[in-house]
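Each residue of the sequence shown is one higher than the last, beginning at 1088 in my numbering.
Relax, there's no trap hidden among the hints.
Cβ-Cβ distance ranges computed for the label pairs, FRET-style:
| # | residue 1 | residue 2 | range |
| --- | --- | --- | --- |
| 1 | E1282 | S1393 | 34 to 40 angstroms |
| 2 | A1389 | R1501 | 34 to 40 angstroms |
| 3 | A1344 | E1282 | 25 to 31 angstroms |
| 4 | G1129 | A1389 | 39 to 45 angstroms |
| 5 | D1210 | P1502 | 25 to 31 angstroms |
Everything labelled a hint here was simulated from the structure, so no lab data went into it.
Note that CB positions come from ideal geometry on N, CA and C, so glycine has one too.
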Amino acid sequence: MGTTLLTNIGELTTNVPQRGDRLGTLRDAAVLIEGSRIMWVGAAADASAVAAASAAASAAPGWIHHVGAGKSRPDVHDRPRGYAGGPEIRHHGLEVVDAEGRAVIPGFVDSHTHLVFGGDRADEFEARMTGTPYAAGGIRRTVEATRGASDEELRTRLARLVAELHAQGTTTFEIKTGYGLTVHDEARLARLAAEVTAEVTFLGAHVVPTEYAERRGEYVELVTGPMLQACAPHSRWIDVFCERGAFTPDEARQILAAGIAHGLEARVHGNQLGPGEGVSLAVAMGAASVDHCTYLSDADVAALASSSTVATLLPGVEFSTRQPYPDARRLIDAGVTVALASDCNPGSSFTSSMPLMIALAVREMGMTPAEAVWAATLGGARALRRADVGAIAPGMRADLVMLDAPTRVHLAYRPGVPLIRGVFAGDARR
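Please take these sequences and the hints and turn them into a complete structure.
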């Protein structure tokens, strides 16, 4: 496990508050990384002395891979990875990477994705763009395609999407099941997701599948019984789509309670298509997050503000469905913890780009660039109840993103431009 000094950082976003700055911004900064952990953060002027002491204590050779410099080594998944945009020097087991004045931020934490699926729904997107309203029923098309796909087909697509996330600066991500809706298929989706992330969510309660349309009670029993038992060993979370066209509040409560009894932690899809009880249910059940939050009452906002439940906003959905965007300004001003996530899925938000989420949040949801970057990093970590990612501080995972820009503001200022110069990821599986 090598040692890397990332120095000459023009603007470092640590997410460690100081002197009224929630993002803990440092100028002319440096970060020392040993193995998969951050060991020191401070001024670039002090880096040489710190690095010398570290180098003297470690003779382990480093390993570095430049963006665009060829393929990673075959054993990349078993080693820490250091992607750098500037020149590097290697000596005495220490890699010195010059950021050349670029900005560095924590790796993005995408706390809401649906990456394991079969098929394509581009025709639905095209129809929406010509006036057809979005409805949850399209999920059943993906269910049919996913059931018909082999493990290898699903694994191949999953690998491509994970590579997209990494290339765009996402270093920690969650994956939901929900496109199988049989015991066998939900279990294999959970198993495949667990191959690439520790943040797996069992979402058997995505919609009621066609074959159970007239037997809703039986399907809820299946989800809370054999399906949960098959998926729990591969999962950390349980989620439910509490929405018209999906599951009622009573059904959602029963499903979440069963998952919690099996040792899973709760998440909720709620208040996306209209006002409802998703938020109040999430808060009452102690859910880590309630996701979408488009239609909120004053009581919903107050409940979130007085709880530890994170409001995860998914602006890619509104971009792709032409629904109203959530009012992030209202939530933030009320003291609610807000996260941003991609909701990458084939129907309502087929994008893996967290930089796009930041740009949309700033342009359409009333967030400042600083608030959006925080929500896409430490906010996502809070939504996953992770204390080891989302910030740049000693002891944290060495998950950092170097921007090809002097400041994080460029993520919103230059939407659609590939600004991710390099990604440092302490571990390939989280």
